[in-house]
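Given only the sequences and the hints, what does the whole structure look like? Please build it.
Residue numbers (my numbering), protein chains in the order written: chain Z, 1 to 363; chain C, 1 to 363; chain G, 1 to 363; chain W, 1 to 363.
FYI, nobody ran anything at the bench for these hints, they're computed from the structure. Just to be clear, a hint being listed does not mean it is correct.
One copy or two, it doesn't matter: identical chains are merged, so the pair holds either way.
What the hints assert, rightly or not - Calculated pairs, BS3-like style, for lysine-lysine (alpha carbon to alpha carbon, straight line, at most 30 Å):
#1 Lys163 / Lys50
#2 Lys161 / Lys192
#3 Lys74 / Lys182
#4 Lys7 / Lys74
#5 Lys74 / Lys99
#6 Lys74 / Lys321
#7 Lys182 / Lys198
#8 Lys182 / Lys163
#9 Lys202 / Lys328
#10 Lys50 / Lys183
#11 Lys163 / Lys183
#12 Lys198 / Lys161
Every value quoted in this text rests on a predicted model; they were computed, and no experiment measured them.
Number of protein chains: 4
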Amino acid sequence: MSSIWNKGISVSIFGESHGPAIGVVIDRLPAGEYLDMEQLLTFMARRAPKKDKTSTQRREKDMPNIMSGFFNGKTTGTPLCAFIANDDPHSTDYLKVSKLARPGHADYTGALRYNGFNDPRGGGHFSGRLTAPLCFAGAVAGQILERRGIYTGAHIAEIHKIKDDSFDAITTSREDIIELRKKGFPVLNDAKGKRMKKDIEKAFECGDSVGGIIECISVNVPAGIGSPIFDGLENSIAQLIFGIPAVKGIEFGVGFNCARMLGSENNDEFYVNEQGHVVTRSNNHGGILGGISSGMPITLRVAMKPTPSISQAQSTVDMSKMTEETLKITGRHDPCVVPRAVPCVEAAVNIALLSHMLDYPHF
Amino acid sequence: MSSIWNKGISVSIFGESHGPAIGVVIDRLPAGEYLDMEQLLTFMARRAPKKDKTSTQRREKDMPNIMSGFFNGKTTGTPLCAFIANDDPHSTDYLKVSKLARPGHADYTGALRYNGFNDPRGGGHFSGRLTAPLCFAGAVAGQILERRGIYTGAHIAEIHKIKDDSFDAITTSREDIIELRKKGFPVLNDAKGKRMKKDIEKAFECGDSVGGIIECISVNVPAGIGSPIFDGLENSIAQLIFGIPAVKGIEFGVGFNCARMLGSENNDEFYVNEQGHVVTRSNNHGGILGGISSGMPITLRVAMKPTPSISQAQSTVDMSKMTEETLKITGRHDPCVVPRAVPCVEAAVNIALLSHMLDYPHF
Amino acid sequence: MSSIWNKGISVSIFGESHGPAIGVVIDRLPAGEYLDMEQLLTFMARRAPKKDKTSTQRREKDMPNIMSGFFNGKTTGTPLCAFIANDDPHSTDYLKVSKLARPGHADYTGALRYNGFNDPRGGGHFSGRLTAPLCFAGAVAGQILERRGIYTGAHIAEIHKIKDDSFDAITTSREDIIELRKKGFPVLNDAKGKRMKKDIEKAFECGDSVGGIIECISVNVPAGIGSPIFDGLENSIAQLIFGIPAVKGIEFGVGFNCARMLGSENNDEFYVNEQGHVVTRSNNHGGILGGISSGMPITLRVAMKPTPSISQAQSTVDMSKMTEETLKITGRHDPCVVPRAVPCVEAAVNIALLSHMLDYPHF
Amino acid sequence: MSSIWNKGISVSIFGESHGPAIGVVIDRLPAGEYLDMEQLLTFMARRAPKKDKTSTQRREKDMPNIMSGFFNGKTTGTPLCAFIANDDPHSTDYLKVSKLARPGHADYTGALRYNGFNDPRGGGHFSGRLTAPLCFAGAVAGQILERRGIYTGAHIAEIHKIKDDSFDAITTSREDIIELRKKGFPVLNDAKGKRMKKDIEKAFECGDSVGGIIECISVNVPAGIGSPIFDGLENSIAQLIFGIPAVKGIEFGVGFNCARMLGSENNDEFYVNEQGHVVTRSNNHGGILGGISSGMPITLRVAMKPTPSISQAQSTVDMSKMTEETLKITGRHDPCVVPRAVPCVEAAVNIALLSHMLDYPHF
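Set out below in structure tokens:
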């Protein structure tokens, strides 16, 4: 519950944006898994702020220090704790914390939830910065999955009405995914990517922000993973994905478009392929039927709202005085969180897949 | 987990479509809650098959028998078990169970998950019939919430490209919801409803099926309910909603449309209303910020695929022989599950809300 | 939690002593496990009231009806629900339920916990009758474990100061356990058993009751099962054992006696046996070190208080009037619950072991 | 599960004896609770090694650094992480780690559980050092409980056959508990304490160790806390107490002695006291009936085995070569862990009580 995912593996995230440190405890990892630290840092660097106008200017080293559960280069099977120091917080004075609820943020709802005792500086525990430990956990899970052939990749599918191409839900390979990860701005169609970047820069110049959609795919997931009703892959992935701030929707396979189709169009017929495996001719179901993997690529799309921090004047409420005020947010912020959220989506999917793989019936 | 929801309250669903009975155990309900049995049956009747062409002809009484946790008309606080006998299963011979994987169903994935030992008759534990105990649990949760003023209602927002009007995300009242529930075919705009019905009938006549979208709203949810990261209202509602078969997507507030908006358009500004409450001028956020309720109506939309059971010939695989075969599904089935899924969506939301309300910090 | 055990397998127990039925839902059982129904009923019959003076005269058929999760004689892997009708409740009038808190029972604490709304008839959900579904779940788990060679057996180790012999913690075999189960009054030394029976009968004649100790052993548990800190075998077994009413203590291996020993006496030295396995020369540790099985037999002892229902006059409080009254309990009750609790202890241990076996690192 | 307690509050413990740090994440604490840091350190100092012959000579500063969940001197309600650096590990060379399984330790079982990948240095995650974060969590829970009047205290009840006096299970007050905590060697009867200390010193001189029993009491726990079957106070306390290394038994109230009593002796009669509260004349039940608090003091006793690390020669197995060897443990170790385990027992009880208090039905 709360900031804990507790199924298969458990992932307990802690920290506030302007506190001494943030981090994560991952429990029940399989023992003896080699972790490639460079690959881990590369994964996390994809989430870190970029040095251009598409991203916040805050310098975060995001260097995770592993404190436990890791010995001689391998997981021990006991809890793995990673720690990320907050070495660059322009720490606001404790006493002068703003009581103006920023629209689109959790300032107001968080204050009510915790009777005003939560740390409000920089969003506190609600800050997007808390996706760093999520990425760490997802990167660890990803390495364990990749060693078994299972690769997860994502790209920016849409920014403010500008659409990228889509993954091929049948043929996308692990090589395609590896290639995609190398891109600084992860899109399938670089021309579209250029237009997106320009749009983000324009929003930034206007003191505004833009939203977008991320598409994610997992390949080589064996058929038969997942459980019925409340414990299917879709349930778990959705629960984890909504752990990323700014997510407002998720769909699998053709998703909302299935609502516009006939059954005869939407059903994916089964056949036996050349390797003797049961596969489907189309993949409208996104690799999941009844909550359980079909062996086809798992595909999903995630909607992310525009960064709520904009530098335009907004009218809002001072929570301490219950008066209406005008707020102008200054300081560093992302005009679009979508690019940095791409590895977060992969991380959440990795955690879900590994958790379910560990439930797999080997007994 | 698996068929257990275990947070705040727990809901453990059991049964197979053609077994002796299906049912549910609900644990940790607050004690002393009066349950109106007639209202419960009315709720469940909304999920039951209709006596017209829009629905399966299977006659299900769906009479829940309460076996425990209920004394002198009130919940006892100990586990409440409800039991629904399967009194009308046209039970297939145990030995002649089809090995043809029905496209779009969990026949293939379920067989792999359980090494072929699951009960395949009528979809077994994956059958849509298992939403009856879900509705029972949701109806119980709903009565407890309604006694505290919190009402949840839903309507068919779209069937196969035909769109209903939308809830007003600011002004919808509990009276609107009560009115809506009385409708046999729950839409806001009855003219649109007529067109939808015709479309469903047409699909039925063609041996085909159609999908759709359900929109749901919860009003009077107090601000401050929910928790960060993995335990927000969106996480919980999504996890529960994907427990309804055929769901392929969920979005909150403006949902996927937020991806097409600027931050200055999407942010909902706060103000203090005449009653002295903090509210927002628009409700693009769907009543949830940072996983926590804002006090505004909670709005969400759920995408449902067309019923995979269609009577047109489909090509598929015989799982026992690994041969390709042609399948023609005969017998009763819904040409569109969306109308019957409307109370299921409400049920899932009720369970999520009650679970979070019980976490509310009263200590 | 509450009446749910949720780890490895989950066991959700429902029902009240005088309600329509009691039962259990077992989720996440491995699929394809054959269940021998006769053996199941034999297990449950060991818990059922005996037809002599050592036990209550209430006639309980305790016939479990399996409603789900069981197909063609085998577990399906989906939730298995068993249902036991309460066909012999001398149901008290709903309105005339006693408000006198029976000493040693949960009448007073249960009424406070549930604000008086719990079903008080016959102890309601707190009744020893609820151990019938526990035994059912434990018997199912036991069959799955026994098919892998793991046998659990228990005997009455002490009744009211009369002590039975002890299990040999090194050499006890599955054959010894099978033999023990056949006994109507499960003791190792039948002469001691005779004396115990007489003592129980004497207590019955005096309108009194007696307590005792149960010793339990599990053989052939592979080494390496269990997890550190909060999730060791001792933690899990203890949590489950305290689910049996009247249990007031548990100890593993030499238990409380270890407090009187030197380290040099208590430590069990390792050696390699003829089969090439690492074993210990003594078994003071009861087969568990650091929460994890050592491969030696697991041994534990459980203390049970005398049945609180005695027919002697007791002074107590009327909870509705807050007055002191004299209570004389009439009707059926066990003068000693220990003999009937023997299979309950085995059941709890079986559930713990199977839950941990399913966590075993096969990934 | 594993090293996570997840109920009411959650407590996730991480770290290894010779790794960079150990610590704990506590989630779902109520917000706005003032924490007295000096009192916290005093609690932890009671667990720290003493500077005399009764305890290990290892110098542990055990200074917890709070990294999150704490703002302006109060809990925020979001996860509280505390971190304890291992600044004094005489770190063994990574390559020369002993493969001799120390008798009575988890070296052998841990190696099997984790396929040899766990960190074996100083017991790794199985080290008694991991009780430092447990004490931290318990001290935090304790402060929250004490502010509501609930005090938990413990003393050494027995060391190697030398018995202390017992708590009065009726009259013990919070003042008694506060007084007891001030003692360097926590016993009720200091003359007995002196004899115990001498016995421990003698064991130390002989290269041996001794075990003992801890008695614990909680006063002013309101009646009605706890839940039936698997989720009673006894279940939870037992599960947590077995998280302390070396614990081999637990009993509540008269515990194992209840097995020697008649029902008429063991039952505690209720009456209404001068303050108008329902109380019992005796407290054999240890303040818990049916898993739920009765309002009487909660009493329990915990058996701890002698420290397995002794400096006498022991015969054991080299796990890498499967040969029998002679082991002589050198270096720092406690001849008796009982004195340092006293606050650990209090900590475990505090965590259980706070977890259940947060379940209390306020809805």
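Comparing the hints with the structure gives:
With identical chains, the CA atoms of lysine 163 and lysine 50 are at most 30 Å apart within one copy only, with a shortest distance of 22 Å there and 42 Å across copies. In the homo-oligomer, the alpha carbons of lysine 161 and lysine 192 lie at most 30 Å apart both inside one protomer (11 Å) and across protomers (29 Å), since each shortest distance falls under that limit. In the homo-oligomer, the alpha carbons of lysine 74 and lysine 182 lie at most 30 Å apart inside one protomer (25 Å), although the nearest pairing across protomers, at 44 Å, exceeds that limit. In this assembly of identical chains, the alpha carbons of lysine 7 and lysine 74 lie at most 30 Å apart whether taken from the same copy (22 Å) or from different copies (27 Å).
In the homo-oligomer, the alpha carbons of lysine 74 and lysine 99 lie at most 30 Å apart only across protomers (18 Å), although the nearest pairing inside one protomer, at 46 Å, exceeds that limit. Taking the shortest Cα distances, lysine 74 and lysine 321 sit within 30 Å of each other only across copies (22 Å), while inside one copy they are farther apart (54 Å). Taking identical chains as interchangeable, the C-alpha atoms of lysine 182 and lysine 198 lie at most 30 Å apart only when both belong to the same chain, with a minimum of 21 Å there against 51 Å between chains. Taking the closest pair of Cα atoms, lysine 182 and lysine 163 come within 30 Å of each other only inside a single copy of the chain (20 Å); across copies the shortest separation is 42 Å, beyond that limit.
In this assembly of identical chains, lysine 202 and lysine 328 lie within 30 Å of each other by CA distance solely inside one copy; the values are 19 Å within and 55 Å between copies. For a Cα distance limit of 30 Å, the shortest separation of lysine 50 from lysine 183 inside one copy, 12 Å, qualifies, whereas the shortest one across copies, 53 Å, does not. In the homo-oligomer, the alpha carbons of lysine 163 and lysine 183 lie at most 30 Å apart inside one protomer (17 Å), although the nearest pairing across protomers, at 40 Å, exceeds that limit. Taking the shortest Cα distances, lysine 198 and lysine 161 sit within 30 Å of each other inside one copy (13 Å), while across copies they are farther apart (34 Å).
Of the numbered hints listed earlier, not one is contradicted by the structure.
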